[in-house]
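Spelled out from the first residue to the last, the chains are:
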Amino acid sequence: MTAILIGILCTIGALAILIAAIGILRMPDFYLRLSVTVKAATLGGGLLLLCAAFYFPDEVSVTTKALAIIFFLTLTAPVAAHLIARAAYFIGTEQWKGTVRDDLAGMYDKETHTLGSGKESGGD
Amino acid sequence: MTLSAYIDYVILPILGLSLLLVFIRLVRGPSVVDRVVALDLLITIGVSVITVYSISTQKSTLIDVAMILALIAFLGTIAFAYYLEKRGRK
Numbered sequence: 001m002t003a004i005l006i007g008i009l010c011t012i013g014a015l016a017i018l019i020a021a022i023g024i025l026r027m028p029d030f031y032l033r034l035s036v037t038v039k040a041a042t043l044g045g046g047l048l049l050l051c052a053a054f055y056f057p058d059e060v061s062v063t064t065k066a067l068a069i070i071f072f073l074t075l076t077a078p079v080a081a082h083l084i085a086r087a088a089y090f091i092g093t094e095q096w097k098g099t100v101r102d103d104l105a106g107m108y109d110k111e112t113h114t115l116g117s118g119k120e121s122g123g124d
Numbered sequence: 001m002t003l004s005a006y007i008d009y010v011i012l013p014i015l016g017l018s019l020l021l022v023f024i025r026l027v028r029g030p031s032v033v034d035r036v037v038a039l040d041l042l043i044t045i046g047v048s049v050i051t052v053y054s055i056s057t058q059k060s061t062l063i064d065v066a067m068i069l070a071l072i073a074f075l076g077t078i079a080f081a082y083y084l085e086k087r088g089r090k
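Residue numbers (the numbering used here), protein chains in the order written: chain V, 1 to 124; chain B, 1 to 90.
Keep in mind the hints are simulated off the structure, nothing from the lab.
Computed from a predicted structure; not experimentally measured.
Heads up, a few of these hints could be off.
[To be verified] Covered by chain B, per the in silico footprint, the following chain V stretches (three or more residues, Cβ under 8 Å):
(1) 11-19
(2) 22-33
(3) 37-48
(4) 59-72
(5) 81-93
(6) 102-109
Every residue gets a Cβ at the ideal spot worked out from N, C-alpha and C, and that includes glycine.
With the sequences and hints as input, model every part of the structure.
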């Protein structure tokens, strides 16, 4: 019974990782690649680590470690993605030609890298 | 079909194919940030491969390696982002 559960979880996790890999190869733009990669790969890795937590039930240390890695992955993946996207926006990574709107255009101060609301110069 | 054989013949080839696809992006990537994201994804898939392999061979010690690798991936991405932003600012 546990083997069937682990098999199902493993399959879903591996397919999520495969979707992430296809996405990073096929998407036309850096920002779209980042959007695909972070979510799908975190889901896939978390599911495969959950398999390990189920598979070694009589070793509490292994289950704890697997859960700790899941917690760490879900905690750090959005932070890392945000930082690398911010750096990419600053160094001027070009966007896909089909991009409709860019809400950040003109909002960042070029010198201090602080984010404004866009209404500082227009107000009193 | 045992779980170990299923992992060896189905799950690990899927993960290997994913590693290959990400590696193509790592080599081809037009800008530096593409390569950084590909490297991050490569290490995340590596953590998954190590976990699945530890289930397949029933050696639970390998989970420790996965934990350290996840830590290193986060620190690497943070360092790349910090220095790329600093280089753009001059």
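| task | Examine the region 22-33 of chain V: at least three residues should have C-beta closer than 8 Å to a C-beta of chain B. | result | Since 5 is at least three, the answer is holds.
| field | 8 Å C-beta test of the region 102-109 of chain V against chain B, three or more residues | value | violated (count 0)
| Within 8 Å of chain B (C-beta), three or more residues of the region 11-19 of chain V | With 6 residues closer than 8 Å to chain B, the region 11-19 of chain V meets the three-residue bar; holds.
| Are there three or more residues in the region 37-48 of chain V whose C-beta lies within less than 8 Å of some C-beta in chain B? | Holds: 6 residues of the region 37-48 of chain V have a Cβ under 8 Å from chain B.
| query | Are three or more residues of the region 81-93 of chain V within 8 Å, CB to CB, of chain B? | reply | Answer holds; 9 residues pass the 8 Å Cβ test.
| Does the region 59-72 of chain V contain three or more residues whose Cβ lies closer than 8 Å to a Cβ of chain B? | Since 7 is at least three, the answer is holds.
Going down the numbered hints, you'll see the structure goes against just number 6.
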